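Asker: Protein sequence lines, in the order shown, are assigned to chains A and B.
Residue numbering for the first sequence follows the numbering used here, beginning at 1363 and increasing consecutively.
Residue numbering for the second sequence follows the numbering used here, beginning at 711 and increasing consecutively.
Think of the hints as simulated: they come from the structure by calculation, not from any bench.
Be aware that one or more of the hints could be misleading.
Unchecked claim - Heads up, simulated BS3-like pairs for lysine-lysine below, C-alpha to C-alpha not over 30 Å straight-line:
hint, chain 1, residue 1, chain 2, residue 2
1, A, 1757, B, 719
2, B, 719, A, 1416
3, A, 1427, B, 719
4, B, 712, A, 1427
5, A, 1416, B, 712
6, A, 1427, A, 1416
7, B, 719, A, 1410
8, A, 1427, A, 1410
9, A, 1757, B, 712
10, A, 1757, A, 1410
In this text the structure is predicted, and so the values were computed from the model without any measurement.
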Amino acid sequence: MTGRVVVAGASMGGLRAAEQLRAAGWTGAITVVGDEPHMPYNRPPLSKEVLAGKASFDSLAFTPKAAAADVEWRLGTPVAAARLAERTLDLADGSTLAFDGLVVATGMRPRRLGCPGPTAGRHTVRTLADAQALRDALTRPGVRVVVIGAGFIGCEVAATAVGLGVREVTVVDPLPLPMVGPLGEAPARALLRRHEERGMRFALGTGVAGFEGAGGVEGEDRVTGVVLSDGRVLPADVVVESVGSVASTEWLDGNGLDLTDGVLTDEQLRVGGLPYVVAVGDVARFPNARYDGVPRRVEHWSIPTDTAKHAAKVLTAQLAGFEVCLPAFAPLPTFWSDQHDFRLQSFGAPALGKGDVRVLDGDPDGDVLFGYHRGGHLVGVVALGGQAAAMGAAKYRAQLLKQPALTA
Amino acid sequence: MKVVVDMNKCQDHGQCVFASPDVFSMDDDGHLLYVADPDESLRDEVEEAADVCPLQAIRIEA
Ligand SMILES: Cc1cc2nc3c(=O)[nH]c(=O)nc-3n(C[C@H](O)[C@H](O)[C@H](O)COP(=O)(O)OP(=O)(O)OC[C@H]3O[C@@H](n4cnc5c(N)ncnc54)[C@H](O)[C@@H]3O)c2cc1C
């Protein structure tokens, strides 16, 4: 096979795509273009072990497979624009890169709050540099931390901060419970209780109106407080914004693609009806044949690997001129989150079964396993607690995998 | 094939057990056990296990 596949985005999805192209038999050239200066590294420890000082940055790098040793890495080089019909990319360094096949793997970046106020002292957590800056801030003595957003990253960061001995850690969210969107009410309540028992505070049911600062009016002042929509002010030396993420797809503008939330793919992870463009990882909005055919993005660590395996087979077949005769992509979503001394372990799609949550095992105050149902069928399980709970969830994994596909 | 798991990194997620049940298993307390020198025919599933380890604690040597 001759020609070149370019992978845009050099994180987990980009690495796995390159490796899986080789596994699928692609022998042509592979170039991975990434805007970060680093080789792909593992992000989950950024809000946990790395922030806690229990793992070094060096320990995060993935070890690329030997079969991908001849992949060309162009790091520190953002893709500026794509002309898909002409099969070329414009890179920010002014060069142009031609491709036969393209893998979209540019992932997400944190959403920022547009509220008025100083920016110094406000953090996000997505990259190595972010985690380093936040760790430096959190380990200064006597800091008060406000985390905005009670999703999984917000909860993890706040829990890590408590573990570091930070004296005041408050999580703000307009919703009434942490992680209630993906988990539903009873599990989110169980989560809240655990956090409060471990010293984390919450300001729930209220948003953020702005930030207070000190030091001047030049816009250089540092944050000193978070002004809530209900008028309260929470003193803060460090603010973490974890209010969701936006897909990095601007470079694909102008190609007539559906980029409303990530890049829309078909059931084979192809983009825009083009046989030579596929998408992988957090940025891909794909229908999951296991569920209801509604395209969704899935920001789980298991997805870059799952999508890369499937997309690499599809792309390799198409570049070789073969029909794609693979079943529609149907991964079993898998997610975990480590907070304080407990783990949250999820298999399947709990969010689809939030309306019918039952305790399958244990009790909500201890190790507990929740089952999520839709139309009477189990569609997801979530365990909360120690290793026994996680092992309990694992028992249901096979059942979730065997379940016939659901239709809406 | 030689498999090495960095037990300082391992946090007993058990994802490797799904990927390669012949090589990886959990004891009754939920801690990882593994075969250090599995048969070459299991390479594909061991590679899969290494891929899905959230801590990237599994290394395949030779
Ligand atoms: C702090 C944190 C903790 C997490 N913890 C968990 C967890 O506990 N459990 C779990 O299941 N998942 C977790 N995740 C989610 C998991 O890490 C992601 O699902 C995974 O990183 C997605 O990989 P990706 O390659 O698709 O995207 P990304 O990792 O977002 O990579 C995209 C890459 O593309 C680059 N890029 C963007 N635009 C361009 C451009 N124009 N040109 C070139 N390059 C570009 C980006 O800089 C980035 O390097 C966590 C994520 C974070 C951030």
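Asker: When the hints from earlier in the document are held up against this structure, which numbers fail?
Answerer: none
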